[in-house]
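A.B. asks: For the sequence shown, the working numbering gives the first residue as 140, with consecutive numbering after it.
Treat the hints as calculated values from the structure; they're not laboratory data. Worth double-checking, as some hints may not be accurate.
[Said to hold, decoys possible] FRET-style restraints, in silico, Cβ to Cβ: (1) R317 - R153: 40 to 46 Å; (2) P257 - R192: 32 to 38 Å; (3) Q313 - D195: 18 to 24 Å.
Since the structure is predicted, the reported quantities are computational estimates derived from the model, not experimental observations. We treat Cβ as the ideally placed atom computed from N, Cα and C, and that holds for glycine.
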Amino acid sequence: RRVGSNQTRRIDVRVIAASNREVDEEVKAGRFRNDLFYRLNAVSIMLPPLRERREDIPPLAQAFADRVYSLSPAVRFSPEAVVLLDQYPWPGNIRELENAVVRAAAMCDGTIRVQDLPERIRNYREAHLAQDEPDQQAVGPAEEPDEPEDWPLLSAVEGRYVARVLVHTSGNKQAAARVLGVDRKTLDRMIKRHQISFERRSLQKPNGFVSNSSATTDGEAN
């Protein structure tokens, strides 16, 4: 019934509801109505937190940055910023990523660097990534180009970084996943996304560099 009306009308609707809590646990605790839960819970989709699907970070970050620069050339990310975005745990999930990237894109000169990211993210790097610094140097991105327009797009840098990590671990995916801070399934999706193929003797990476270790990405063998 409409507000103030005594006439009943038939309607046809579909309800999409979301929660950041375990609703079935809330039902058991008496904090959510049992009947409403089963009315809404016809089809459930569990969306993992962003930290468990890191392969989504580059396209999401690029999309958020492009919103700010919608009428300008695509904003780019420095390799160091890419590494930090990938390593940060994102407790606020996609909203936090969007907030960080939009802020950085608005403040940067066309290239998002570490110093453009929010302080909490930079502080995480100082507090949690320092111990991994030797490994990061060993497997991190190549030397930075001088001109901002020479920066590759975020997705390209991610593929190169993943390939370098695989080189560093001699193709050991379990070890590479530990270095990247992701699980094996996520790493497998990243390998598929960037078309990285394996040969225990020669690993090729995105954007034209080849190594003596083991692994290869299409379109990058020089």
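A.B. asks: With reference to the structure, classify each hint as holding or not holding.
C.D. replies: Hints versus structure:
For the pair R317 and R153, the beta carbons lie near 42 Å from each other, so the given range of 40 to 46 Å is met. Between P257 and R192 the beta carbons are some 21 Å apart, a value that contradicts the proposed interval 32 to 38 Å. Against the hinted window of 18 to 24 Å, the Cβ-Cβ separation of Q313 and D195 comes to about 22 Å, which satisfies the hint.
In this structure, the one hint that does not hold is number 2.
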